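Here this note's numbering is used: position 175 in the sequence shown is 175, and no number is missing along the way.
Among the hints, a few may not be true.
Calculated cross-link-like contacts (lysine to any residue; reagent style SDA-like; alpha-carbon spacing at most 25 angstroms) [stated by the list, open to error]:
1. K109 <-> Q32
2. K72 <-> Q32
3. K85 <-> V113
4. K106 <-> P79
5. K85 <-> P136
6. K85 <-> N194
7. K157 <-> G131
8. K200 <-> S175
9. K101 <-> F78
10. K157 <-> P136
11. K18 <-> E87
12. K18 <-> T123
Using C-beta positions, here's what the derived DEER-type ranges look like [stated by the list, open to error]:
13. P187 <-> V21: 20 to 30 angstroms
14. Y75 <-> N141: 25 to 35 angstroms
15. V80 <-> S182: 48 to 58 angstroms
16. T123 <-> E185: 19 to 29 angstroms
17. L125 <-> D177: 11 to 21 angstroms
What the hints contain is simulated information worked out from the structure, not anything from laboratory work. For clarity, every value in this text was computed on a predicted model and none was experimentally measured. C-beta atoms are modelled at their ideal positions from N, C-alpha and C, and glycine is treated no differently.
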Amino acid sequence: QDMDTAATYQVMEQPDTKIAVNDRLNILVTAQEPSLAAPFNLASGTYSLDPNTGEMKSNLTSETDKGYVVNKNGYINFPVLGNVKAEGLTLEQLRLSLVEKIIATKYVKDPIVLVEFMNFQFTVLGQANPGNYVVPNGHINLLEALAMAGDLKASAKRDDVWVIRTENGERKVYSVDMRSKSLYESPAFYIQQNDLIYVKPLKSVKNSDAEKRG
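With the hints as constraints, model all of the structure from the sequences given.
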């Protein structure tokens with residue numbers, strides 16, 4: 001409400017989310033010849049490469065819904081490639097790393113790799129549509145998050161929306177005034193993994209509920 005329609009405001013760029021231990025990733029590999037990329041996708045079964053002909057023989061069943069879990073050492077166990085470093089990288093950095101490693105096998109020269117989060121989520125409670133919401137690309141701000149939750153209800157307290165975040169083993173609470181341009185400068189404007197957004201009710205709603213219970 002305090003923004004000037006004639007003014008311009010500097011936009012803070014959202015930092016790329018870094019992959020962490022225990023993150024679960026969805027990674028798909030394809031190519032112009034999809035059969036060549038098949039061994040590089042998560043699957044159960046067996047496959048073998050004939051060293052003489054270079055022909056790949058397989059009996060595989062896709063398990064892409066399970067994803068790749070980053071182990072305590074920061075690696076994912078990737079088909080054909082083995083252990084691949086993931087912790088501390090962005091999705092794009094890991095994608096480029098996989099493309100390079102797959103090309104180095106000389107089996108696929110034109111791999112197309114998709115990397116997404118499977119467990120990047122935030123939770124909304126209170127005067128919006130409560131629930132857990134998943135963000136595959138790890139990029140979302142508070143306004144977008146509340147829009148995913150159906151926007152604030154008429155009964156929502158707009159000047160004190162809480163974003164509860166766990167950082168370095170400590171829980172922090174950020175209060176955000178949704179009516180003020182200061183929300184764009186808040187550390188809570190860009191949502192991080194496992195953030196909890198609590199939308200408080202107006203006092204009149206609290207009092208009404210109390211009267212009903214009484």
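Q: Enumerate the violated hints, using their earlier numbering and listing them in ascending order.
A: 2, 10
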